[in-house]
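Enquirer: Construct all of the structure, not just a fragment, from the sequences and the given hints.
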Amino acid sequence: MDSFKVGALMVIDKSEKLVGIISERDYTRKVVLKDRSSNTTKVSQIMTKKIAQVDTDAGIEKCMDIMGKHRVRHLPVVEKGKVVGVINSTDLLILTVNEKDNIIEQLESYVSPGGY
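Each residue of the sequence shown is one higher than the one before, starting from 1 at the first, in my numbering.
Do not take every clue at face value.
[To be verified] Result set (PhoX-like, lysine-lysine): computed pairs, CA atoms no more than 20 Å apart in a straight line:
hint	residue 1	residue 2
1	K17	K80
2	K30	K49
3	K49	K69
4	K14	K50
5	K14	K80
6	K42	K14
7	K82	K50
8	K17	K50
[To be verified] Label-pair restraints from in silico Cβ distances:
hint	residue 1	residue 2	range
9	E24	Q106	36 to 42 Å
10	L95	K34	33 to 39 Å
11	A52	L95	17 to 23 Å
12	S15	K100	37 to 43 Å
13	D101	D13	17 to 23 Å
14	I103	K34	27 to 33 Å
15	D101	K62	20 to 26 Å
16	K69	V43	24 to 30 Å
17	E105	A52	30 to 36 Å
18	E24	G81	46 to 52 Å
19	L107	D57	28 to 34 Å
20	P113	A52	44 to 50 Å
21	K34	T96	43 to 49 Å
22	T40	N102	47 to 53 Å
Calculated from the structure, these hints are not laboratory results. Think of the CB as a built atom: it goes at the ideal place given N, C-alpha and C, for glycine as much as any other residue.
Expert: Rendered as structure tokens:
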């Protein structure tokens, strides 16, 4: 994860089906804090198997709702049963801030002299 600067990895089986997700939090709680060896601990032993996920047509609000409900920071995006991407909490924060900035700009333009 560190090499790729990501906070989670999707675990995919041979048929490309999503079978789990392993996050920095999983690793910390299930390996580091339990004083287990990274060399002998299998991914299947520490990955999260009950995976919250969304389809490609999910909106920002739905993603935020699911992440909040399941208390996760990484949300696989699935199309026809295959992972096509991952949304994380930082992505959603940036999108939300940008959306709010656009609304503020439109309102400022509307109320400024020469606006609509």
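Enquirer: Return the numbers of the hints above that this structure violates; sort them in rising order.
Expert: Violated hints (numbers, rising): 13, 14, 18 and 21; every other hint is consistent with the structure.
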